[in-house]
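Letter by letter, the sequence shown follows residues 1048 to 1077 in our numbering.
By construction, these hints were calculated from the structure, which means they are not laboratory data.
For every residue, glycine included, the Cβ atom is placed at its ideal position computed from N, Cα and C.
Where hints are given, some of them may not hold.
[As the list claims (entries may be wrong)] Label pairs and their computed distance ranges (CB to CB):
(1) Thr-1049 / Arg-1071: 29 to 35 angstroms
(2) Tyr-1069 / Thr-1049: 40 to 46 angstroms
(3) Met-1048 / Tyr-1069: 30 to 36 angstroms
(4) Arg-1073 / Tyr-1052: 27 to 33 angstroms
(5) Asp-1076 / Ala-1056: 29 to 35 angstroms
(6) Arg-1070 / Gly-1050: 28 to 34 angstroms
(7) Tyr-1052 / Arg-1072: 41 to 47 angstroms
(8) Leu-1055 / Lys-1075: 38 to 44 angstroms
(9) Ser-1074 / Ala-1054: 39 to 45 angstroms
(10) Asp-1076 / Met-1048: 40 to 46 angstroms
(11) Val-1051 / Arg-1071: 37 to 43 angstroms
(12) Met-1048 / Lys-1075: 40 to 46 angstroms
(13) Leu-1053 / Arg-1073: 28 to 34 angstroms
(14) Met-1048 / Ser-1074: 39 to 45 angstroms
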Amino acid sequence: MTGVYLALALGSAAAAGGIVIYRRRRSKDM
């Protein structure tokens, strides 16, 4: 059970990090 929550937290953290990097790249292009 704990592994599921850990994977979920890790996935959401990775998604948030990806969005931040994507936004930074967009702002750099513009």
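Output the indices of the hints that this structure fails to meet, ascending.
2, 7, 8, 9, 11
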